Amino acid sequence: MSTVAERLPELAAAPIPVTMAGALNQALADALATDERVLVFGEDVGTLGGVFRVTDGLATRFGENRVFDTPLAESAIVGTAIGMAMNGLRPVVEMQFDAFAYPAFEQITSHLAKLRNRTQGRVELPIVIRVPYGGGIGGVEHHCDSSEMYYAHTPGLRVVTPATPADAYTLLRQAIDCPDPVIFLEPKRRYWAKETTVLEPAGAGIDRAVIRRTGSDVTLISYGGALGTTLEAAEAAAEDGISAEVIDLRSLAPFDEDTVAAAVARTGRAIVVHEASRFCGYGAEVAAQLSERCFHYLEAPILRVAGFDIPYPPPNLESHHLPSVDRILDAIDRLQWPDAVNGTKAGR
Amino acid sequence: MNPSTSLPSRPADLLPSEVPLSLIDPAGRPAPEGELTMPADEVLQRLYRGMVLGRRFDVQATALTKQGRLAVYPSARGQEAGEIGAVLALREQDWLFPTYRDSMAVVARGVDPVEVLCLLRGDWHCGYDPARERVAPQCTPLATNTLHAVGLAHAATVKGEDTVALVLLGDGATSEGDTHEALNFAAVFNTPTVFFVQNNGYAISVPLAKQTHAPSLAHKGIGYGIRSVLVDGNDAAAVYAVVSAAVARAAAGEGPTLIEAVTYRIESHTNADDATRYRDRAEVESWLVKDPVSRLANYLTERGLLDEQAGAALDATAEAQAAQLRARMNVDTVSDPRDLFRHVYAQQTPALRRQEQELLAELAVTEATEEDHR
Numbered sequence: 001m002s003t004v005a006e007r008l009p010e011l012a013a014a015p016i017p018v019t020m021a022g023a024l025n026q027a028l029a030d031a032l033a034t035d036e037r038v039l040v041f042g043e044d045v046g047t048l049g050g051v052f053r054v055t056d057g058l059a060t061r062f063g064e065n066r067v068f069d070t071p072l073a074e075s076a077i078v079g080t081a082i083g084m085a086m087n088g089l090r091p092v093v094e095m096q097f098d099a100f101a102y103p104a105f106e107q108i109t110s111h112l113a114k115l116r117n118r119t120q121g122r123v124e125l126p127i128v129i130r131v132p133y134g135g136g137i138g139g140v141e142h143h144c145d146s147s148e149m150y151y152a153h154t155p156g157l158r159v160v161t162p163a164t165p166a167d168a169y170t171l172l173r174q175a176i177d178c179p180d181p182v183i184f185l186e187p188k189r190r191y192w193a194k195e196t197t198v199l200e201p202a203g204a205g206i207d208r209a210v211i212r213r214t215g216s217d218v219t220l221i222s223y224g225g226a227l228g229t230t231l232e233a234a235e236a237a238a239e240d241g242i243s244a245e246v247i248d249l250r251s252l253a254p255f256d257e258d259t260v261a262a263a264v265a266r267t268g269r270a271i272v273v274h275e276a277s278r279f280c281g282y283g284a285e286v287a288a289q290l291s292e293r294c295f296h297y298l299e300a301p302i303l304r305v306a307g308f309d310i311p312y313p314p315p316n317l318e319s320h321h322l323p324s325v326d327r328i329l330d331a332i333d334r335l336q337w338p339d340a341v342n343g344t345k346a347g348r
Numbered sequence: 349m350n351p352s353t354s355l356p357s358r359p360a361d362l363l364p365s366e367v368p369l370s371l372i373d374p375a376g377r378p379a380p381e382g383e384l385t386m387p388a389d390e391v392l393q394r395l396y397r398g399m400v401l402g403r404r405f406d407v408q409a410t411a412l413t414k415q416g417r418l419a420v421y422p423s424a425r426g427q428e429a430g431e432i433g434a435v436l437a438l439r440e441q442d443w444l445f446p447t448y449r450d451s452m453a454v455v456a457r458g459v460d461p462v463e464v465l466c467l468l469r470g471d472w473h474c475g476y477d478p479a480r481e482r483v484a485p486q487c488t489p490l491a492t493n494t495l496h497a498v499g500l501a502h503a504a505t506v507k508g509e510d511t512v513a514l515v516l517l518g519d520g521a522t523s524e525g526d527t528h529e530a531l532n533f534a535a536v537f538n539t540p541t542v543f544f545v546q547n548n549g550y551a552i553s554v555p556l557a558k559q560t561h562a563p564s565l566a567h568k569g570i571g572y573g574i575r576s577v578l579v580d581g582n583d584a585a586a587v588y589a590v591v592s593a594a595v596a597r598a599a600a601g602e603g604p605t606l607i608e609a610v611t612y613r614i615e616s617h618t619n620a621d622d623a624t625r626y627r628d629r630a631e632v633e634s635w636l637v638k639d640p641v642s643r644l645a646n647y648l649t650e651r652g653l654l655d656e657q658a659g660a661a662l663d664a665t666a667e668a669q670a671a672q673l674r675a676r677m678n679v680d681t682v683s684d685p686r687d688l689f690r691h692v693y694a695q696q697t698p699a700l701r702r703q704e705q706e707l708l709a710e711l712a713v714t715e716a717t718e719e720d721h722r
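If you read the sequences in order, they're chains A and B.
Residue 124 in the working numbering is what sits at position 124 of the first sequence, and the numbering runs on without skipping anything.
Whatever position you read off the second sequence (first residue = 1), add 348 for the working numbering.
Chain B on its own, in the form it takes in the complex (with noise of 0.2 Å):
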């Protein structure tokens, strides 16, 4: 319905580079001339400052599973320039389709961290506003999210709204048919629509190599007519620069891109994982060395766009916010067993307002039974 009108000539113009892209490098140089612009000093302070609060965000709700205040948390350390670099690409209108290890990219969004952490601390399913945030729940189903982004994406177009819908997934999801028929949509209908794909190098335990025989994972956007790009994930100028282009070029009507942004799990899957039972240390601090908050950190520095203080000013920011959400999640909370009702269907069922009678007759025996004992 809406053919795609704006494909490069030649189908080797929709592949990806060889290399992934990258405008700083590990070191926190200046990566060599590309076809990538740096962003402006401003958005890359920004960068930075999400980057922090995001590692903080996530260091404290991996202590909070230990404390057993969270029922499992999947931590997305390593992971911050694509988590933040991705988000911050999105204007205010767009939507985010996040998964599970999408915390820190849900609050960097501007969501609520406790409503975030609703799902991981087993109060409700999803604790925030989807309309309200422009926030899909986070997807646990692997991939089934790229549907609904490509559905939404759509529907803007077929309503007339500028609205870009930016799907996040990772190397294991690549695997599910989904994906590749939310790309094909995608491509049929012209729709605008971001896949951004973290490939962190392991889907729990299956590394890549047992994922898949592609080249690369943004080589599987070609058989799609998918414009695709990949990027280094640890370079959070680059990935907000390819983000920003893609969303871009989805406004303007010119279809979705598939992003595939390489990157690393430095924790396990999640705290119920054991990572050393199918990778060793040595693959771990080869990537701890790429760390992208510190490369970025001294390409600021040296640019003189981060000094000292502020630094010490942006880590007293993220511990207070971390003191904050501590404070916050160590408050009990009570859940009201009226809500496993409500919410099933617009208008509750004969049926379920029984059941819910059911359910408070026999709460209302125990609790006259506690009182007994008492």
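Only chain A is shown next, with the shape it has when bound in the complex (with noise of 0.2 Å):
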């Protein structure tokens, strides 16, 4: 064992700053020294520590029986992943990134996320795919795609993304002891994010949404690499007297519909974020489900601040495709506010 708590005693519960990146390092290194059955394997992950360093220390501290490098084959990494969890082990496996992750689309979609259904619950597959997804980080083309909806449509996989780094730590401690496969989905603009925190295995459910910031007027939905822009906007929204609710998804399959629903029957008004394309986005869900339970509480029509439908573009050009501050502040002032007149929202 070597949790914080255990390697640290005189630190248990004191804070530490930690990044993204050291976190979800940290709970792969207390997986691996708490279950035997976890294995860590993909491109460049051992010696290297993968090209994110989210690796970093693990080949040499377990050993490369349990943290290897492959060949440079997704497929083959999803597919022996799941040989592997047949003969019971845990296979953590990471997809160098969002778009490279696609020649294994196959094993995820056919097998990984349908065995235990093809097999009345005879066969169970607890395997992590990690995949660093998402722009913001000035990568040429193929490195920055969004690509929680492909995974996200398929029975079976739970996909799940933080968006601090405490919670990539739990998240992904909760990921690995999951019995149902989950996609790992990490935003790579918040690697190198910094946090002064507690690395905690236990917290909000896997599958919950959490309120990152509380309000009235307004509910914000986002997740990932998208969700520090939100807390930005809300920010600004307060200074012009809109006080806005700020809620983290983290699982957006299966989605939590609940603290959803609630939040924005207090409110009476949505807005969500997200990077990917709007065009039958994780939006596009969400506002679905949320005119189907919440209509009689909404005050405006839910609205989507999104990526445009384009292919991701180029690093000097991606400013204008992801969702800015401003953009949410436009949204949040389309949201048919009581006029100023009439009204109490000054200015709006």
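By construction, these hints were calculated from the structure, which means they are not laboratory data.
Quick caveat: nothing in here was measured; it's all calculated off a predicted structure.
Glycine is no exception: its CB is placed at the ideal position from the N, C-alpha and C atoms.
Accuracy of the hints is not assured; some may be wrong.
Unchecked claim - Simulated restraints on C-beta separations:
no. : chain 1 : residue 1 : chain 2 : residue 2 : range
1   : B       : A699      : A       : P314      : 30 to 40 Å
2   : A       : S291      : B       : R686      : 21 to 31 Å
3   : B       : D680      : A       : P301      : 43 to 53 Å
4   : B       : Q705      : A       : P338      : 33 to 43 Å
5   : A       : H320      : B       : A599      : 57 to 67 Å
6   : A       : S291      : B       : R701      : 18 to 28 Å
7   : B       : A699      : A       : D240      : 31 to 41 Å
8   : B       : D477      : A       : A202      : 28 to 38 Å
9   : A       : E299      : B       : R722      : 17 to 27 Å
What the hints assert, rightly or not - With a cut-off of at most 20 Å between alpha-carbon atoms, the simulated DMTMM-like pairs for lysine to aspartate or glutamate come out as follows:
no. : chain 1 : residue 1 : chain 2 : residue 2
10  : B       : K507      : A       : E124
11  : B       : K558      : B       : D621
12  : B       : K414      : B       : E667
13  : B       : K507      : A       : E235
14  : B       : K507      : A       : D207
15  : B       : K507      : A       : E36
16  : B       : K414      : B       : D628
17  : B       : K507      : A       : D69
Got two chains here, each in a separate frame; can you build the complex from them with the hints?
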């Protein structure tokens, strides 16, 4: 065992500064130390420690039987993980980048997602597929996709995405312990974001959304790489007298509809913010479910602030594509506020 | 991590023979002395028994399809030597990774035939317990099972278990990317995996010549540093010998083997296919005379290991098993719609619970309406 608490007893409850990459590294180390069935493998995850250094030091510490480099073949990484899980292991594999996971799509959708169901619950695949995803880091083409909907649309997969270092640790530990296959989407632009926090294996459930900021006028719903921008927009809105609540979905599949619907029923207004393209994006599903469940509470149409319906742009143009604070504030403006003369929202 | 230490010193030693290895010629006579050792008499008798029972099962499954009891059935008639020879070479602790055409092999491995036909009857996707049977679900997307076999075998190595994974695939599947990734992973990690390719001449309608330009499918192994074997796929004794040797090598830590068994698919791809659109009768006839079952029967009879009485007793057993299968398959099954929502996740999600309730409410209305009309 080597949880942070045990390694540094004097700091058991003391918060430490940690990046998301560091928190993920700690989660993998602690899972490897806790459960000998856990394996970590993928491209460059061994000696190099991963292109984002998330697996740094793990091969040295746990040996190359448990943390190892594979040939460059994503379908094989997922396909062999399935075979290993059928034989009692708990593989945690890395796809180097979002778009580089596509060669594994058949193994993920036809086998990983379905084997439990195909065998009436007899084959369980506790596999975590870590995928660095999304843009905002000036990456060239094929390195910045928001690929969450391909997975979220596939029954049998859990899809989670942390937005903070503390949650990255908690969610990854939960994902590794989960009996279902989990697509673990890591927002690249948040890898180096630092937070002073305690890393806890337990926290909000793996399928729960959390409220990151309370507010009473509008509910902003986001996740992963767009959450930071959404929180900034909420701060800016406060200066205009709008009290914005911010929900971090964390789990995209399943969708924590109870938490989100209860929040929107309170505020009566909702905006979904994500980097992924708008058409058939996660916001479409959220808006549809909210309109079914909260119609009579809604004061305005549910809006989406999302990426354009375009292939991910080159680095020099990506700022036009990504949701920005201004774009979120503009959407807030369009939420059919009562007239300034008659209503309470000054300046709206 | 487990670098191959036992590769032959010369790459050429990895290559298959130029002609398929055999032990018994098509007429049932011993083949000229070669590198293979004839299995023990008792093994030959088990191979024959397995092929006779396997063929009868296959014929019965085809008949059940014509009667509408199965949605579809891909026959392995003509491939009995590969189906039975490969499976009998496995030890109890080994795993089998079959395809949709390998129902016969799965039954020979000991799985209840009704559980095997669950998939093709349309009751559920996989009717047997893979872990209990040590048989993976039959694979319908081609070649994806090769990677599962490599992973399971590698896990056995990691855990220090003596388990070999045998994966079945066809000639068409050797063109899929997963086959190549699996061969490469198996070689790099030196996994105890045996790749058994039944080259039956056709991938549905596409003949081998349009599938590959390689001298043989077994030649694909050398590019990955894998020992490869070309065997007469209609010679059960030879198939058993080469698969047994590959299993023994794998178990001894000497890594994977690629085996190509040259055979022929006598029936159409499935009952839904019409093979006369892409091959002529003469070609089929030329393979009927190489029939694997009568070949071994002739050999055993000549050796005094099979007589009329034993043959008749075996035929009677096959008939009895077929009759029992018919009777069991003719019992109508009742599918529970609630099963649709089970086992999607370890625990049912609230959304699935609601969708289950929606369906049950819908069914209750339908039932009430039908009640009214009565």
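Each hint tested on the structure:
{"no.": "1", "hint": "B:A699 / A:P314: 30 to 40 Å", "verdict": "holds (38 Å)"}
{"no.": "2", "hint": "A:S291 / B:R686: 21 to 31 Å", "verdict": "holds (29 Å)"}
{"no.": "3", "hint": "B:D680 / A:P301: 43 to 53 Å", "verdict": "holds (51 Å)"}
{"no.": "4", "hint": "B:Q705 / A:P338: 33 to 43 Å", "verdict": "holds (39 Å)"}
{"no.": "5", "hint": "A:H320 / B:A599: 57 to 67 Å", "verdict": "holds (60 Å)"}
{"no.": "6", "hint": "A:S291 / B:R701: 18 to 28 Å", "verdict": "holds (21 Å)"}
{"no.": "7", "hint": "B:A699 / A:D240: 31 to 41 Å", "verdict": "holds (36 Å)"}
{"no.": "8", "hint": "B:D477 / A:A202: 28 to 38 Å", "verdict": "holds (33 Å)"}
{"no.": "9", "hint": "A:E299 / B:R722: 17 to 27 Å", "verdict": "violated (51 Å)"}
{"no.": "10", "hint": "B:K507 / A:E124", "verdict": "holds (18 Å)"}
{"no.": "11", "hint": "B:K558 / B:D621", "verdict": "holds (19 Å)"}
{"no.": "12", "hint": "B:K414 / B:E667", "verdict": "holds (19 Å)"}
{"no.": "13", "hint": "B:K507 / A:E235", "verdict": "violated (53 Å)"}
{"no.": "14", "hint": "B:K507 / A:D207", "verdict": "violated (32 Å)"}
{"no.": "15", "hint": "B:K507 / A:E36", "verdict": "holds (10 Å)"}
{"no.": "16", "hint": "B:K414 / B:D628", "verdict": "violated (23 Å)"}
{"no.": "17", "hint": "B:K507 / A:D69", "verdict": "holds (18 Å)"}
Comparing the model with each earlier hint shows violations of hints 9, 13, 14 and 16; every other hint is respected.
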